[in-house]
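Chemist: Each chain is listed here by its residues.
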Amino acid sequence: MPPTQPLGLPRALQKREFRSTSAGEFRERCVVVFLAACGLTTVLITAGIMVMLITQSWNFFSSEFVSPREFLTGSEWTALQSKDLKDAKFGIWPLLSGTLRVTVIAMVIALPLGLITAIYLSEFASPRIRSVLKPTLEIIAGIPTVVLGYFAILVISPSLQWLTAGAFDTFNATSAGIAVGILCLPMVCSLSEDAMRAVPSALREGAYGLGCTPFETSVKVVVPAALSGIVSAFLLAFSRAIGETMVVALAAGTRATATLDPRQQSQTMTGFIVEMIKSENEYGTVQYFSLYAVAITLFTITFGMTLLGQMIRRRYQESYQ
Amino acid sequence: MSQATIPLPKAMTAQDPAAAAANARKRKRFSRAFYWLCVAIASVSVVVLAVLLVSIGVQGHSRLSSDLIQHSHSELEPEQSGMRPAVIGSLFVCVCCATAALPLGIGTAIFLEEFKPKSKVLRLLHSFIQLNIANLAGVPSIVFGLLGLSVFVHMFGVFGTIQVNKPSGWELFGVEHYYQLLSLEPGQTILVPQTVVNQTTIKIDGPVEGIDADGNSFMIQTWDRKSGPKPDTREARMRTIKAGAVGGSYSKHAWYYFRLPFGKSFLAAGLTLSLVILPVIIIASQEALRSVSPSLREASLGLGATQWQTTRDVSLPAALPGIMTGAILAMGRAIGEAAPVLVVLGAAVAKNTGPENLMDSVVTMPVLIFNWAGRPQDVYQQLAAAAIIVLLVVLLALNSVAIYVRQKVQSP
Amino acid sequence: MSVEPTISDASISRAIQPVTGNESNSRETATASTSLIQIGNLSAYYGDFQAIHSLSIEIPRNKVTAFIGPSGCGKSTLLRWINRMNDIVPGAHATGTLTMGDLDILSPATDVVSLRRKVGIVFQKPNPFPKSIFDNVAFGPRLHMRLNKSELNELVEWSLRKAAVWEEVKDRLQKPALGLSGGQQQRLCIARAIAVGPEVLLMDEPCSALDPSSTLAIEDLMDELRNQYTIVIVTHNMQQASRCSDKTAFFFEGKLVEFGETERLFTKPKHKQTEDYVRGRFG
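Chains as they are written, first to last, in this note's numbering: chain A, 1 to 321; chain B, 1 to 412; chain C, 1 to 283.
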């Protein structure tokens, strides 16, 4: 609808006074500097972690009673038990085996169950089922780890003992492993599901068009097509399980032994750190600083796994245009 | 050989329809079995959650009373233990954590998403920061606890170590140091202002200026057996000490007491927790900013807005619901984290109030649960379960707020 | 509108080179005061891909100039270089000259913020902000000008009237802009663009996402707006170009093939390629 008579210019445009942009440029630059500083803080945090771990564990490794060779190959760890530094043994393998036992059991539970739940959610589930299952998984993911540790002592350990007529210790690696597995399951499931949903439906249609059953389509077409995301999810879950602290501190026990028996007590790296922190009377001794040596081992392992997961995702990420 | 004369392969001519049908039936049956396997395994999660909630509810419901929220932990009378200080402590720690993590995290996300680099150097910096954040997200929370211990609690020993009731570290304001003396009136003490910093005890022989409970200063009278009977009035006795009495150090802290290093304070715990949830907030905020349609940014830039003006007036308002949801969920994670707080503050749960000053230690709910759950007595096991119920209720409330915010976005 | 302007010496001396392979180019040039934007030897790249090849053209003042051509011929790229919108595309760079009078648009030292105030843009898909109608139009003025409340209200009303959408929105200025229909949203975007008082309005296929009646409304609007602004419109719709524009430029594969008065270009094109395109034999 064209106006019937020409409009006069409003005062604002008659004035033609515009804000100077040089002041604006300065303000803009200040904002960018502030935001970049925020970004650099994260770099600072990583640097801080590394500096802290290296300097504090140096207090341990520089002691004359400690040899790096014994640390890496020894099979006894008595940091908490030995009051006398001469008798203390500092071999990392008992703690590593404890962590390994708990983590492997956790992965045995989380990976297959998580992947199959993800397949179900992405390929088979109706929206109604999704609306029940997804919130359930989100709730499990949001449960604090102390609660899961308590659940392990309350339900899992007694059940294991009842099922096997007492073959399991009260504190054992399996209960902790099961609880950690429950912890990691939602993570595996949601990351795998994301990877599978990113596979275009054209691939699925092609498979069905060739006469594949739903099983064959999901397992032989979709999962391989989403493989890099799924592998990356597995690695992240593994890394999370290794770093888990509260569940093992409550349920796994405090005896560090280099065994592979899942029914026994086991002390993981994280559990040891908690124990050593709790025993405040040992502050400043070489035994105390051994916790930093354990921490740097832990950090190296998890950092390495995260980097590996990222490299796999970057290099092998499928892109469907 | 032309196309028409290539003979058909045997696989095509020797087709057995019966075998093909049997093969198809077998595969379909296998597929059905796999489907039911999927259903069974998916329901495992639901069953596990149900078992968890029910078992904890059964174990703890007997302890759910108003006493739980009003009392504090008691070693002598476990039946009377409560978690009030822990709830307050968690609140203080979370507020401190949010104040530190939200500006830093959202600022970093804005920097990474809105200010895309043009030069090669800046692009390297961007991808380095991005990679770094992804790695930090995978670091175990206990390592952050150790970092907090060195950086916030001890501050690398730069300011000295903390000693209780003695001047230590670099105290900026809010504290007064005294010597504490017993007066002749049983149960009443007199404070004498401390003048020499390193002297931890003082012996009073002659009259000295002292301060009573209300802060009024007066001259302390000394008394010994030789000089006569004790003063008869209560007030006089409250102002008299035995000659030669020795007083020890005592410090009075105002609520705004501030000291470096932080020592085992809720500030240190809050800042450490903010390190833990920082990557979570950054990643969630980045997602939210990424979901803003680029055409809106183009429109703003086309009108002559600078990048920051575009971010402030267009991108941030549009991404705000997503950012808020991410922040609330990150706070939920922070409330439930026990490992870093354990490292920074220790596992002691004997405190019976919230923090009294800025540098005071606290007990948080997950640490309390950890402490109680580690004790073999049934009482504590039930108390732990009850405390878990309270914690889960708090988290449920928080998540409901997040879901409400998310839904409000999708249907404004 | 059927007189062919001649090429003057003055304009040749402004170093406008002939486009290779098109010797009998009808590059119409006007005298200095009626040409607003001068483009000389412009080559534009996205990374290594060259989207525009050594293009020279002059956009006349206070007229509607249409850019037509098949997909991928570089017309949108050229349009977006005029207000440096391509700055936000990583890897986009250009060589040559692109000036508006004394203002060197391509120079990195140019203040892009005030350039974009002088050269406004309307996009293909209407993109009002998720704010109220009033706030959408007031967005630019609030950034660039210091106004009191009554001046701002006056400016918003004027812009909405000028964009022929005032009658439809005057009672709901505080309601969300996203509640308007597609055609109304696009007119709102036009109001938003003219609220900052530009000299040039760039329109990148403004009607392609709209229904015919909205399209007609916007074409009527362009007719009104041409008195005050210089309009450059990119369009796929040849009928629209022939209806609305004074001059038309036909591009093909990043090169300017022909530029002239619209009526003549559509009835008696000088190049076979132009003729084939306007007769619909390709594109």
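Hints in this document: simulated from the structure, not taken from any laboratory.
You may find that some hints are simply not true.
[As the list claims (entries may be wrong)] Derived list of chain B stretches under chain C, where covered just means 3 residues or more per stretch with a C-beta under 8 Å from a C-beta of chain C:
id: 1; region: 288-301
id: 2; region: 304-310
id: 3; region: 313-319
These figures come from a predicted structure and were not determined experimentally.
For glycine and all other residues, C-beta sits at the position ideal for the given N, C-alpha and C.
Chemist: Between the region 288-301 of chain B and chain C, are there enough contacts, at least three residues with CB-CB distance under 8 Å, for the coverage claim to hold?
Modeler: Our answer is that it holds, as 8 residues pass the Cβ test (under 8 Å) against chain C, meeting three.
Chemist: For the region 313-319 of chain B, does the count of residues with a C-beta closer than 8 Å to a C-beta of chain C reach 3?
Modeler: This one holds; 4 residues, not fewer than the three required, reach chain C with a Cβ under 8 Å.
Chemist: So is the region 304-310 of chain B in contact with chain C by the C-beta rule, three or more residues under 8 Å, or is the coverage claim wrong?
Modeler: holds (count 4)
Hint compliance for this structure: every hint is met.
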